[in-house]
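With chain D held as given, fit chain B with the ligands onto it using these hints.
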Amino acid sequence: MTNSIKEIEHNDVLLIIGSNTTEAHPNIGQKMKQAARRGAKLIVVDPRKIELVDYAYLWLPITPGTNVALINALMYVIITEGLTDKEFIETRTEGYDELWSVVKNYAPEMVQELTGVPAEKIYEAARTYATTDRAGIFYTLGITEHTSGTNNVMNLANLAMITGHVGKEYSGVNPLRGQNNVQGACDMGALPNVLPGYQSIADAEVRERFASAWNCEIDEKFGLRIPEMIDFAAGGYIKAMYIMGEDPALTDPNINHVRKALANLDFLVVQELFISETAKFADVILPGASFLEKDGTFTNTERRVQRVRQVLTPRGESKPDWQIICELATKMGYPMSYNSPAEIMDEIADLTPIYRGIRYNRLEGDGLQWPCPTIDHPGTKYLHAGQFPRGKGLLQGIEYQPPAELTDEEYPILLTTGRMLYHYGVTTRRSASLESFRPEEFAEVNPEQATALGVKTGDKVKVVSRRGELITKVRVTKRVKPGMMFMTYHYKESPVNILTNAAFDPITKTAEYKVTAVRLEPVNK
Amino acid sequence: MVNITIDGKQMTVEEGKTILEVAKANGIYIPTLCYHPKLRPIGSCRLCLVAIEGREKPVTACNTPVAEGMVVRTSTPEILEMRKGIINMILSMHPEDCLTCEKAGNCELQECAYNLGVKKGTLPLEAQELPVLKENPFIVRDYNKCIACGRCIRACKEVQCQRVLDLVGKGSEARAGATVGDQEITLEEAGCVFCGNCVQVCPVGALLEKDSLGKGRQWEAKKVRTVCTFCGVGCNLEVNVKDDHIVRVRGYENPLVNDGWLCVKGRFGNDFVESPERIKRPLIRVGEKGEGKFKEVSWEEALDYTAKRLQEVKDKYGKQSIAAFSSARCTNEENYLMQKFMRAVIGNNNIDHCART
Ligand code: SF4
Ligand code: SF4
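In order, the protein sequence lines correspond to chains D and B. Oh and the first sequence: position 117 is 117 in the numbering used here, straight run, nothing missing. Oh and the second sequence: position 299 is 824 in the numbering used here, straight run, nothing missing.
Hints listed in this document are in silico derivations from the structure and should not be mistaken for laboratory results. Each residue gets a CB set at the ideal place from its N, CA and C atoms; glycine is no exception. Treat each hint with caution, since some may be false.
Computed cross-link-like contacts, DSBU-like style, restricted to lysine-lysine with a CA-CA straight-line distance of at most 35 Å [claimed, not checked]:
#1 Lys260(D) with Lys839(B)
#2 Lys260(D) with Lys841(B)
#3 Lys331(D) with Lys844(B)
#4 Lys549(B) with Lys381(D)
#5 Lys6(D) with Lys767(B)
#6 Lys814(B) with Lys260(D)
#7 Lys473(D) with Lys682(B)
#8 Lys814(B) with Lys748(B)
#9 Lys833(B) with Lys221(D)
#10 Lys41(D) with Lys563(B)
#11 Lys659(B) with Lys478(D)
#12 Lys839(B) with Lys319(D)
#13 Lys814(B) with Lys381(D)
#14 Lys86(D) with Lys6(D)
#15 Lys331(D) with Lys682(B)
#16 Lys319(D) with Lys542(B)
#17 Lys682(B) with Lys49(D)
#18 Lys818(B) with Lys456(D)
#19 Lys319(D) with Lys549(B)
#20 Lys748(B) with Lys381(D)
#21 Lys492(D) with Lys814(B)
#22 Lys833(B) with Lys331(D)
#23 Lys6(D) with Lys844(B)
#24 Lys549(B) with Lys492(D)
#25 Lys735(B) with Lys478(D)
Over 12 Å on every C-beta distance to chain B, these chain D residues come out as not near it, computed from the model [said to hold, decoys possible]:
#26 Thr80
#27 Tyr123
#28 Thr128
#29 Thr428
#30 Asn446
#31 Thr451
#32 Ile471
#33 Pro522
With the rest of the complex left out, here is chain D (with noise of 0.2 Å):
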């Protein structure tokens, strides 16, 4: 996030765009809905009824893979009514021309069939966006999970920007990140083009700084991401992976695929708290300790690094990752050795400059945000005020394209794919009292298809996409619309990512989760 969660407590418009909130990351929904109390203008922009839709001012039910158009609409009425803030788009910005020159071809009547948005909402939700100082945007995976991510984020930058709505307190672009430390993750440099603090591999220099502190080589060659990784493990290039925390064979899209790759390898080894989907396919299992058996850090999604302490013993003989890590790295000849975490952030505060200050004595009361460049820098609360990284920003026209996938007559309904509320990943599956609230799929159909295939809810169908099938039950709810369905990636009995489609942004490789199409079929009970 580029501001922080306390400021939603101050936005007078929160413009909320493929993110379930209330579900996804709760306690921000709850900050959302709170400011819908207080008086605040919510305007959802989402294909389905989500909870957030019962406290906005305006819902704007888009199809989903449509993000570009919608945000292109957004702004060429606010640029037509003269609505733009003119002396930031002088001042902070470039580009500006050739952002019109796209944006002019959409006129909100020319997307409203497109997007399914009427007219109407378009206009009025741009004039809310526009005219209100405190002004934020908020989104998830909604926005990234296409083949036109890297585009929708683009385009809401372009947004904020012609609208001043940048670069201050209560206005900004916020992403709301998924999993508890997927920031924390890029921040570290667990991505193959840049090291920790997002310094490029690309950078001889960096390269230089790293090599001498840690005693080594660094490849000046970018490595592969995870779409890659898979594809070359099926084809035989990549011959042995290290899997940390993760389950690739049931969160993946196109897992069959996935499968296949992780059975090709010579030899996988997996560290994990339980024999995931993933784990079944290892040479190794490496019991790894919870978050609650170890210590260390996470950064939220407003960039804010918190202390996790342990507060059990690691159960049976497991041990916290940063020991095993350690442990293998010395076995392999390369001695790797830190009496705590706290040292390991040392050394990770002396080579990145964004988490230079921060240090575990600084972390005990309520953490700090990055950047946090010295050791008596008091965080971040808002970034890019008076410039941005690459210092003017720039303005790009993004056309539409069409998602990867579309819908025809033999895959007539469209799935688009999240997270719900009882689960988060895998590991939730292990709660107790969650899983027994929550035991099993309850795919979201309209009750058009409901009654075309003549269900009801709690009945079975079988779902079924040009990668493969799967069996669910089923909630009729007016949630989604006709022609849309929805299901969730949490369960191993009906997987979803057998159905989804490994087509991905070219930029980022994050796959378009939200857009497949499908056909139901009636299962016999």
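Structure of chain B with the ligands alone, referenced to chain D:
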């Protein structure tokens, strides 16, 4: 700023504060039950009555703002008698099972009775036997213990914005219930999302965490502050542990993040850690790939074998033939070491993590 006097003590305080807030901040005790610092004060339990010079009737301190020149007395003999009467009345309708009550030691009714010296309820009131509801896996509601303070109702409405609960019934049957018409319905039917924030504000033992029953007395648990692992919000948890097991989880007050509130996963989902399905020792595969058959081995054996096999692959196929998934569930320090392992030990940049799950 305004000048006021409480119990003879003169002070200059911020305008807009209530008498109760000022008294608390200055170490002056006024008992309360329906008051909670983060909820709208309603003055319904009337324990916080105080006398103000020049006013005929006492006022409730929790919702009376301070005013210039105000002279307050918090414990005149009449007020003390009134307070004792209120506690006496509540106790006369309250089950006398403090000995085994889960809330003992952290119960605000106990505290008020203790501070006011009310040993037991002496009024001849007949308490109706009310149901104890356990219909969901998270929250137990013992209506017999409900003192109708309305804190849970306000938490649900003002904090969680769900409006599941309402004040229903009269006299000893007054309680915070989920009803339609006069009919009890389940919390789920009433739209509950099981955040448990109502449990957290309940001053007595009427609302409790189901999974914590019998796991330890309130004062036995060690409380450790940590961070939730179920989503990117990063709510702060206060985990209560006894004998190396989780007793209950409550929200820790980090005013910048969750302000003490949690959702269903953070509050009730952490028992996954204690699941019997946890892998307890290193495993080496014996069955077919994907079959899930393994044998237990020592750490020494598992790590030696792993190191040997990784080295073999590296020697035979080159350093680019190995790839690693780091984890958005693990700590920063672990992610740092994982990428360092790939870059310094294996020698490539084939490191990534799922942006999902
Ligand atoms: S658990 Fe949450 S939603 Fe349910 S009644 Fe309590 S406060 Fe309301
Ligand atoms: S308590 Fe709920 S909202 Fe808070 S971090 Fe955990 S999962 Fe997220």
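How the hints compare with the structure:
The suggested pairing of Lys260(D) with Lys839(B) holds, with an alpha-carbon distance near 22 Å, which does not exceed 35 Å. Note on Lys260(D) and Lys841(B): the hinted pairing holds, with a Cα-Cα distance of about 22 Å set against a maximum of 35 Å. Using a Cα cut-off of 35 Å, the hinted pair Lys331(D) and Lys844(B) holds, with the two alpha carbons roughly 17 Å apart. Simply put, Lys549(B) and Lys381(D) have alpha-carbon atoms about 31 Å apart, close enough for the 35 Å limit, and the pair holds.
For a cut-off of 35 Å, the pair hint linking Lys6(D) to Lys767(B) stands: about 33 Å separates their Cα positions. Taken as a hint, the Lys814(B) and Lys260(D) pair is honoured in the structure, with Cα atoms around 10 Å apart against an allowance of 35 Å. In summary, the hint linking Lys473(D) to Lys682(B) is supported, as the alpha carbons are separated by about 33 Å, within the 35 Å threshold. A hinted pair counts as satisfied when its Cα atoms are at most 35 Å apart, and Lys814(B) with Lys748(B) does not qualify at roughly 43 Å.
Straight-line distance between C-alpha atoms of Lys833(B) and Lys221(D) comes to about 25 Å, which keeps the hinted pair within the 35 Å bound. As the CA atoms of Lys41(D) and Lys563(B) are separated by approximately 23 Å, the hinted pair is consistent with the 35 Å bound. Distance check on the hinted pair: Lys659(B) and Lys478(D) sit about 30 Å apart at the alpha-carbon level, within 35 Å; holds. A distance of roughly 26 Å separates the Cα atoms of Lys839(B) and Lys319(D); the hinted pair therefore holds under the 35 Å criterion.
For a cut-off of 35 Å, the pair hint linking Lys814(B) to Lys381(D) is broken: about 48 Å separates their Cα positions. Restraint check for Lys86(D) and Lys6(D): the C-alpha separation of about 29 Å stays at or below 35 Å, so the hint holds. The straight-line distance between the Cα atoms of Lys331(D) and Lys682(B) is roughly 57 Å, outside the 35 Å bound, and the hint therefore fails. Restraint check for Lys319(D) and Lys542(B): not satisfied, since their Cα atoms lie roughly 51 Å apart, outside the 35 Å limit.
Simply put, Lys682(B) and Lys49(D) have alpha-carbon atoms about 21 Å apart, close enough for the 35 Å limit, and the pair holds. At most 35 Å may separate the alpha-carbon atoms for a hinted pair to count; Lys818(B) and Lys456(D) exceed this at roughly 39 Å. A distance of roughly 46 Å separates the Cα atoms of Lys319(D) and Lys549(B); the hinted pair therefore is violated under the 35 Å criterion. For the hint linking Lys748(B) to Lys381(D), the alpha-carbon distance of about 29 Å falls within 35 Å, and the restraint holds.
In summary, the hint linking Lys492(D) to Lys814(B) is supported, as the alpha carbons are separated by about 17 Å, within the 35 Å threshold. At most 35 Å may separate the alpha-carbon atoms for a hinted pair to count; Lys833(B) and Lys331(D) meet this at roughly 9 Å. For the suggested pair Lys6(D) and Lys844(B), the alpha carbons sit about 46 Å apart, so the restraint of at most 35 Å is broken. Proposed proximity of Lys549(B) and Lys492(D) is contradicted: the alpha carbons are some 53 Å apart, above 35 Å.
Distance check on the hinted pair: Lys735(B) and Lys478(D) sit about 33 Å apart at the alpha-carbon level, within 35 Å; holds. Against chain B, the non-interface label of Thr80(D) holds: every CB pair exceeds 12 Å, the least being about 36 Å. The beta carbon of Tyr123(D) sits about 29 Å from the closest Cβ of chain B, which is more than 12 Å, so the claim that it is off the interface holds. The beta carbon of Thr128(D) is kept farther than 12 Å from every beta carbon of chain B, the shortest such distance being approximately 21 Å.
The beta carbon of Thr428(D) is not kept farther than 12 Å from every beta carbon of chain B, the shortest such distance being approximately 5 Å. The non-interface label for Asn446(D) is consistent with chain B: the shortest C-beta to C-beta separation is roughly 22 Å, beyond 12 Å. At the 12 Å boundary, the C-beta of Thr451(D) stays outside the reach of chain B, the nearest C-beta of that chain being 25 Å off. Distance check for Ile471(D) against chain B: the nearest CB is about 20 Å away, which clears 12 Å, and the non-interface claim stands.
Even its closest Cβ contact with chain B, about 29 Å, leaves Pro522(D) beyond 12 Å, as expected for a residue assigned away from the interface.
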